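Trainee: Next come the chains, spelled out residue by residue.
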Amino acid sequence: MALLEFHDVHKSFGAVRALRGVSFAVSAGEAHACIGENGAGKSTLLKILAGIVRPDRGEVRLDGDPLHFNRPREALARGIGMVFQERLAFPNLTVAANIFAGRELVQRWGRLDEAAMHARTRQLLDDLHLPVRPDVRMEHVSAAHAQLVQVARALAFDCKVLVLDEPTTSLTDAEVDQLFRVLTALRRRGVTLLFVSHRLPEVFRLCDRITVLRDGACVGTFSTPDTTPEAMVRAMVGREPPERVAREIPAEHARAAALAVRNLSRRPWFEDVSIEVRPGEILGVFGLVGSGRTELLETVFGLARADEGTISVGGATTAFHSARDAMRAGLALVPEDRQRLGLFFNLNVRHNLVLPRAVKHGVARINERAETDLASLQVARLSIRTPSIAHPPEALSGGNQQKLVAGKWLATDPTVLLLDEPTKGVDVGAKFEIHNIIRGHAARGMACVMVSSDLPEVLALADRIVVMRQGRVRGEIAGTAATEEAVMSLAAHESAHSEGPASAGPSAAE
Amino acid sequence: MKRLWHAREFSTIAILVAEVLFFAWYLWPEAGREHSFLKVENFLLIFKYSSIYGIAAIGAAIVIISGGVDLSPGAVIALTTVVIGYCFVEAGWPLWASAMAGLAVGAAAGLVSSWLIVRVGLPAFIATLGVMGIWRGTAFIVTQARFYDLSARLPPNWHVAGVSIDWLGPVVMIVLAGVFQLLMTRYQWGRGVFAVGGNETAALFSGIPVNRIKTSAYVVSGVLAAVSGVVLAIVQGQGKADLATGYELDIIASAVVGGASLAGGRGSVAGAVLGALIFGVLRNALPQIPGATFYDRLIVGVVVIVIVVMDQLLSKRRSI
Numbered sequence: 001m002a003l004l005e006f007h008d009v010h011k012s013f014g015a016v017r018a019l020r021g022v023s024f025a026v027s028a029g030e031a032h033a034c035i036g037e038n039g040a041g042k043s044t045l046l047k048i049l050a051g052i053v054r055p056d057r058g059e060v061r062l063d064g065d066p067l068h069f070n071r072p073r074e075a076l077a078r079g080i081g082m083v084f085q086e087r088l089a090f091p092n093l094t095v096a097a098n099i100f101a102g103r104e105l106v107q108r109w110g111r112l113d114e115a116a117m118h119a120r121t122r123q124l125l126d127d128l129h130l131p132v133r134p135d136v137r138m139e140h141v142s143a144a145h146a147q148l149v150q151v152a153r154a155l156a157f158d159c160k161v162l163v164l165d166e167p168t169t170s171l172t173d174a175e176v177d178q179l180f181r182v183l184t185a186l187r188r189r190g191v192t193l194l195f196v197s198h199r200l201p202e203v204f205r206l207c208d209r210i211t212v213l214r215d216g217a218c219v220g221t222f223s224t225p226d227t228t229p230e231a232m233v234r235a236m237v238g239r240e241p242p243e244r245v246a247r248e249i250p251a252e253h254a255r256a257a258a259l260a261v262r263n264l265s266r267r268p269w270f271e272d273v274s275i276e277v278r279p280g281e282i283l284g285v286f287g288l289v290g291s292g293r294t295e296l297l298e299t300v301f302g303l304a305r306a307d308e309g310t311i312s313v314g315g316a317t318t319a320f321h322s323a324r325d326a327m328r329a330g331l332a333l334v335p336e337d338r339q340r341l342g343l344f345f346n347l348n349v350r351h352n353l354v355l356p357r358a359v360k361h362g363v364a365r366i367n368e369r370a371e372t373d374l375a376s377l378q379v380a381r382l383s384i385r386t387p388s389i390a391h392p393p394e395a396l397s398g399g400n401q402q403k404l405v406a407g408k409w410l411a412t413d414p415t416v417l418l419l420d421e422p423t424k425g426v427d428v429g430a431k432f433e434i435h436n437i438i439r440g441h442a443a444r445g446m447a448c449v450m451v452s453s454d455l456p457e458v459l460a461l462a463d464r465i466v467v468m469r470q471g472r473v474r475g476e477i478a479g480t481a482a483t484e485e486a487v488m489s490l491a492a493h494e495s496a497h498s499e500g501p502a503s504a505g506p507s508a509a510e
Numbered sequence: 511m512k513r514l515w516h517a518r519e520f521s522t523i524a525i526l527v528a529e530v531l532f533f534a535w536y537l538w539p540e541a542g543r544e545h546s547f548l549k550v551e552n553f554l555l556i557f558k559y560s561s562i563y564g565i566a567a568i569g570a571a572i573v574i575i576s577g578g579v580d581l582s583p584g585a586v587i588a589l590t591t592v593v594i595g596y597c598f599v600e601a602g603w604p605l606w607a608s609a610m611a612g613l614a615v616g617a618a619a620g621l622v623s624s625w626l627i628v629r630v631g632l633p634a635f636i637a638t639l640g641v642m643g644i645w646r647g648t649a650f651i652v653t654q655a656r657f658y659d660l661s662a663r664l665p666p667n668w669h670v671a672g673v674s675i676d677w678l679g680p681v682v683m684i685v686l687a688g689v690f691q692l693l694m695t696r697y698q699w700g701r702g703v704f705a706v707g708g709n710e711t712a713a714l715f716s717g718i719p720v721n722r723i724k725t726s727a728y729v730v731s732g733v734l735a736a737v738s739g740v741v742l743a744i745v746q747g748q749g750k751a752d753l754a755t756g757y758e759l760d761i762i763a764s765a766v767v768g769g770a771s772l773a774g775g776r777g778s779v780a781g782a783v784l785g786a787l788i789f790g791v792l793r794n795a796l797p798q799i800p801g802a803t804f805y806d807r808l809i810v811g812v813v814v815i816v817i818v819v820m821d822q823l824l825s826k827r828r829s830i
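Going down the list, the protein sequences come from chains A and B.
Quick note: the first sequence uses the working numbering, first residue 1, plus one each step.
Quick note: the second sequence uses the working numbering, first residue 511, plus one each step.
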């Protein structure tokens with residue numbers, strides 16, 4: 001029995017055909033996943049459901065009756081609750097005001113009934129076991145709690161269908177567990193779930209059926225027990241994943257360290273960190289959010305001053321006063337947040353690609369021809385899919401933007417490449433390509449330090465894995481010997497057992 | 511009590527009180543002479559002139575909270591005085607009808623600004639910058655280097671119910687501040703304004719009528735600027751195209767000093783009025799300091815920056 005049904009939904013934005021006849025049905029009481037790469041049409045579908053975008057053709061039916069798209073709140077009024085990503089909260093309003101935004105409980109003449117909203121919020125938060133006060137401003141609520149407040153928001157009014165859009169991107173594993181406990185409880189109450197995600201392990205853990213979208217069309221709907229994550233990746237990408245680039249793991253002590261960090265401290269972020277990476281080696285740095293990894297990379301790259309310790313590049317001890325010093329010594333840092341730290345959205349692809357190289361060499365006069373050659377070369381080498389090098393980065397998908405960030409740093413010919421979450425928010429196909437780019441450069445002798453909280457990624461790429469927790473290195477495991485359990489037990493050791501001064505500080509601060 | 515302490519308006523009141531105390535002390539006269547600052551007539555003067563800014567600052571604060579900015583109030587004030595002057599002096603309309611025509615001009619100004627911003631998609635700064643020139647220019651075209659003298663047709667030494675007409679501005683300002691403070695904090699419309707300014711995309715996804723809220727903010731701002739214009743025309747007895755020149759920046763500064771954030775989503779109507787009073791006291795007291803004549807603009811500028819920086823430091827500490 002189909003509760004929510006998409007029937008032949010079409011939508012174009014200008015020349016871009018975002019949806020080309022999507023049809024699938026969500027049965028009453030099931031947990032249904034909708035997966036696809038970035039740009040497959042998931043978000044357009046959600047916007048149609050929320051009444052923000054009107055489809056060109058086709059309809060969405062709830063209980064057999066079509067939704068009227070000329071009324072934006074129709075879906076909400078008819079029992080479809082939507083949980084959007086945490087960035088869709090109002091930071092300036094209280095938790096209670098967030099939950100009731102747009103649907104405030106009012107007395108006569110639109111006067112807000114604050115007492116009623118406060119009481120209902122209290123009750124909703126208690127139901128979800130959320131230790132958040134209703135009168136706290138959203139900006140003071142942690143990302144994980146903010147996500148659960150969004151769930152509370154959807155539940156504030158009785159809903160038959162709960163739609164979740166990438167709800168776990170900013171959550172730690174423990175927080176994902178909490179969210180899933182809540183969702184499981186909701187299912188027991190008979191709420192139907194539509195779970196939009198690209199995280200396959202979570203999809204397989206939660207959902208009964210999976211609908212795969214690719215390029216705005218339905219690939220198919222699969223029953224979870226009858227399929228595998230590998231099959232779903234193939235369905236999403238539409239082709240076999242590319243071959244892994246083969247490379248030899250450099251022998252232990254074969255060559256001198258390309259980068260050696262000794263006893264480096266920057267309190268309260270990290271303390272007494274020593275790492276070494278040889279040319280051609282990929283060093284994985286794994287740790288949970290707040291373990292001081294990002295700060296370590298920033299300090300090595302000269303963006304912050306260390307309290308103590310030394311950094312040597314190619315055997316020579318150096319002191320960087322700026323990122324430019326670090327670049328001239330042969331370092332490059334691909335930052336985590338490409339939107340904020342990685343790209344200039346007011347410049348085109350070519351200018352983005354050549355900028356760090358120009359900064360490194362201090363080019364005074366711009367040589368258009370050389371710039372164009374270099375940019376075209378990088379685009380070809382990394383197979384960055386862009387309409388042209390004159391387009392702004394907006395025109396690119398998330399994965400290609402990430403390749404663009406990597407490309408602009410690789411253009412500086414670094415001897416040591418520092419990578420911070422190189423595939424965060426990137427779809428599966430682009431992830432493979434980025435992994436191959438990293439492998440390829442390592443095979444040609446580049447030393448790589450890769451920080452990631454994606455454990456399978458670290459296991460797949462790294463020759464050695466350093467595990468950080470609360471600002472300290474807790475252990476090192478050879479890549480060949482590493483297992484998920486071994487790494488996690490080092491990373492997530494109960495803080496009650498840990499000793500050392502760093503245990504008090506950094507976890508709360510990131 | 512704790513909530514009062516945390517309220518942003520509290521620190522604005524504290525600044526205002528400190529400012530008055532400072533000038534009372536600094537301008538303390540020699541023995542036997544009258545205090546030129548600390549007397550009832552002077553405070554009436556401060557209130558009277560601050561109310562022109564304060565009424566418009568209520569609208570400016572609402573627009574800023576909604577995530578926009580309105581540069582047109584100075585021009586709308588001037589055009590309103592001109593329209594009232596034309597209707598009252600040239601066309602011989604009664605005063606109330608002339609005032610209504612003035613308010614209609616304000617509403618129209620707000621509609622034009624919001625149409626440019628919401629429908630045409632111009633940035634608020636550009637749209638209202640252009641609109642500011644259009645209204646100021648219209649006022650000049652209508653008056654042609656003349657001005658309308660309303661005072662000849664207004665009753666001399668006009669009192670309403672035993673109160674001098676000089677009190678019109680302050681009374682209107684306080685009533686409007688009260689009304690809009692309530693609308694912004696206790697009513698669904700105000701919550702919508704805060705929501706749109708806080709996160710416009712989220713507001714859209716929450717089914718909040720974003721375009722309607724934005725339009726209403728600019729219309730309110732236009733009408734309130736026109737109310738300032740009505741008060742100015744009556745109190746000053748003039749309808750003139752170059753009145754209120756440059757007021758828009760003082761009006762925005764009042765809202766900002768009163769806690770409004772140009773990033774949107776934050777601010778208060780009461781704070782904006784208090785901000786206007788802070789500047790009113792400065793404009794009144796500085797010329798009384800011997801030798802300060804050439805410094806007053808500089809001091810006003812420094813005060814804006816100091817107050818906003820102070821607020822940022824305090825709010826960091828205040829945040830829970």
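Source of the hints: derived by calculation from the structure; they are not laboratory data.
The model shown is predicted, which means the values in this text are computed figures rather than measured ones.
C-beta atoms are modelled at their ideal positions from N, C-alpha and C, and glycine is treated no differently.
Incorrect hints may have been included.
Beyond 10 Å from chain A on every Cβ pair, some chain B residues (computed) [said to hold, decoys possible]:
1. 607
2. 717
3. 813
In silico SDA-like cross-links for lysine to any residue, where the CA-CA straight-line distance does not exceed 25 Å [as the list claims (entries may be wrong)]:
4. 424(A) to 116(A)
5. 47(A) to 817(B)
6. 47(A) to 820(B)
7. 47(A) to 661(B)
8. 47(A) to 719(B)
Per the computed footprint, the stretches of chain A lying under chain B, defined by three or more beta-carbons under 8 Å from a beta-carbon of chain B, are [what the hints assert, rightly or not]:
9. 101-108
10. 180-188
11. 280-289
Trainee: Take the hints in turn and mark each one as holding or not.
Mentor: How the hints compare with the structure:
1. 607: 29 Å, holds
2. 717: Since the minimum Cβ distance to chain A is about 4 Å, residue 717(B) lies within 10 Å and the statement is violated.
3. 813: 26 Å, holds
4. 424(A) to 116(A): 41 Å, violated
5. 47(A) to 817(B): Cα-Cα ~42 Å, so violated.
6. 47(A) to 820(B): 42 Å, violated
7. 47(A) to 661(B): With Cα atoms ~59 Å apart, residue 47(A) and residue 661(B) exceed 25 Å; violated.
8. 47(A) to 719(B): 16 Å, holds
9. 101-108: holds (count 5)
10. 180-188: Coverage by chain B is violated here, the residue count being 0 at a Cβ distance below 8 Å.
11. 280-289: Result for this restraint: violated, n = 0.
In this structure, the hints that do not hold are numbers 2, 4, 5, 6, 7, 10, 11, in rising order.
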